[in-house]
Amino acid sequence: MNPLLKLESVCKAFGGLKVTNNVNISVMPGEISAIIGPNGAGKTTLFNQITGNLLPDTGKVLFKGKDLVGQTPQKIVFSGIGRAFQISSLFPDESVLDNIKVACLSRMNKTKKFWRPMLKFKQATEQAYAILESLGLESQAQRFAFELAHGDQKLLDIGIALALKPELLLLDEPTAGMSPEERKVTQNLIKKLWKEFDLTLIFIEHDMDMVFDIAQIVRVLQQGTLLAEGSPEEIQNNKEVITAYLGEEL
Amino acid sequence: MKTESRFRETSLWATIMIIFGLVPVFMTSTYQMNLASHILIWILFATAFNMLWGLTGMLSFGQALYYGLGAYFVGLMVKYLGSAWFFPGMAIGLVASAIIALLIGLLLIRVGGVYFTMLTLAFAQLMYQIMFKWYNFTGGDDGVVGIMQPGIFSNPIVYYYFILGIVIASIWILKRIAYSPFGMVLRCVNQNPDRVRFLGRRVRRNQLRIYIVSSVFVALAGGLMVGVDNSIHTDMFVWTTSGEVILMTVLGGINQFFGPFVGAIALILIEDIVGAYTEYWSLIIGTIVLIMVLLFPKGLVGEFLQLKHRFLKLKKHGG
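Protein chains in written order, with the working numbering: chain A, 1 to 250; chain B, 251 to 569.
Just so you know, the hints here were simulated from the structure itself, not pulled from any lab data. C-beta: ideal position from N, C-alpha, C; glycine also. Hints are supplied without guarantee of correctness; some may be wrong.
Said to hold, decoys possible - Derived DSS-like pairs (lysine-lysine); straight-line CA-CA distance at most 30 angstroms:
hint	chain 1	residue 1	chain 2	residue 2
1	A	Lys-64	A	Lys-120
2	A	Lys-192	B	Lys-558
3	A	Lys-110	B	Lys-425
4	A	Lys-120	B	Lys-425
5	A	Lys-112	B	Lys-558
6	A	Lys-120	B	Lys-383
7	A	Lys-120	B	Lys-329
8	B	Lys-425	A	Lys-122
What the hints assert, rightly or not - Okay, the calculated bits of chain A under chain B, using three or more residues with CB under 8 angstroms as the criterion:
hint	stretch
9	70-81
10	103-115
11	195-208
Kindly generate the complete structure, drawing on both the sequences and the hints.
In structure tokens:
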């Protein structure tokens, strides 16, 4: 089987600082994997290079065999890569429903329609409701996005990404700022969404319970370099990782 | 619920039509009709302006550029080619404004925030200077006077109803745009442009589109004004004209579609009423706007809707 996403010796430096240093990764279709690493390891920077926010200095980002380097985020979205953000990125003054619906309309290429009222786009409304139901947010549909609790805002952010029907979904710290109870719920929800939407999923996370519970593959980044890659058990027993990241006492 | 909102929508438009439609019937002097014409035209100008500011978050301090262009195309065509060119001049003015808005817009959308605002101001002042200095062709600061509409439209009452029809139709079109998916994307561009890119949509392309739409409707307002005052003058391009619609919008409410509509009515009426008593009317306007911005930042329409919302909530809980 060919990998869905393949990074080939991707390098990126900000001045003298190598934030991504010769990273090689192959992500298989249908895989759910985690990227871990200390703050400043280059996790988000790596996401930014996949989604087109940042241009790698060298190397290739191959998605379904095609190189994405140099393409705009707009194009990359439609080739099938979705993304949710570390700090939820919403349209705060619109309703929860419309936040998702505008993404559905964008995917259906209907955002140029300037004459028919939003309300008449029933198909998009239905799709948006379906996504809200998967997220458990349907009872909040008519509220403004800014009114939602922090955890629900993070979910809505994921919902916007899902509305674009991605094959590969990148989640940047989906449980950041959540209480332990919320984390558990979110963890189960992410696993559910992964199955339900047939996704290939990569998430960045600091919560190790979640990482070792749901990830099939864990990749460890340190100072821009891929330190280790393997199953949760392998990573937990990897000496290098233990000394570098998880701490000596383990 | 759906039929109810349709009923409310229809009755809103009907009320507007009836109130403005009855002005020529009940007026005691033509001055009142003239005032109503000014109000209608400024409503169109301010609403088109707010498609940029309130909806998309682009504060243009130079929409007077298109207001002036719309007027000058009509005025100069009539001056050099005769009355028959009044309406063709208006149409040509709209097309020319669209082309100029496209060209200037391509430059403008490269910068954001206050730089956008200053650039719009710069372009408008540039055009003002051209019209001011090019005395032989434009009449400089004397402008052109005695511009008459052809045929039956030279009758002020007929022309008044013509304005009413065009303005109401334009506002209706702009409202459709504001509540369409395109309008939704514009609101998204206003609130979170970075995320719009991750919806796969181009921010600048959409900004350019609405800049052209806004400018064309502003030019239409300018063209209509020529028939009311029967003159054109360089003041139409000047920055205070751009500032006037900003005041109207703030007064009525930036984030409401009908904000500029109500703001335009309020500002012109205040000017007219206060202006009859004192020449220091701009002081009064300044004070009112200051109070509005500091105490009622949502504007007349926004604050009214909030009050209504609170009242309904109270009623619901009380009963």
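Quick rundown of the hints versus the structure:
{"no.": "1", "hint": "A:Lys-64 - A:Lys-120", "in the structure": "violated, 36 angstroms"}
{"no.": "2", "hint": "A:Lys-192 - B:Lys-558", "in the structure": "violated, 43 angstroms"}
{"no.": "3", "hint": "A:Lys-110 - B:Lys-425", "in the structure": "holds, 18 angstroms"}
{"no.": "4", "hint": "A:Lys-120 - B:Lys-425", "in the structure": "holds, 15 angstroms"}
{"no.": "5", "hint": "A:Lys-112 - B:Lys-558", "in the structure": "violated, 34 angstroms"}
{"no.": "6", "hint": "A:Lys-120 - B:Lys-383", "in the structure": "violated, 52 angstroms"}
{"no.": "7", "hint": "A:Lys-120 - B:Lys-329", "in the structure": "violated, 48 angstroms"}
{"no.": "8", "hint": "B:Lys-425 - A:Lys-122", "in the structure": "holds, 20 angstroms"}
{"no.": "9", "hint": "70-81", "in the structure": "holds (count 6)"}
{"no.": "10", "hint": "103-115", "in the structure": "holds (count 10)"}
{"no.": "11", "hint": "195-208", "in the structure": "violated (count 0)"}
Of the numbered hints listed earlier, those contradicted by the structure are 1, 2, 5, 6, 7, 11.
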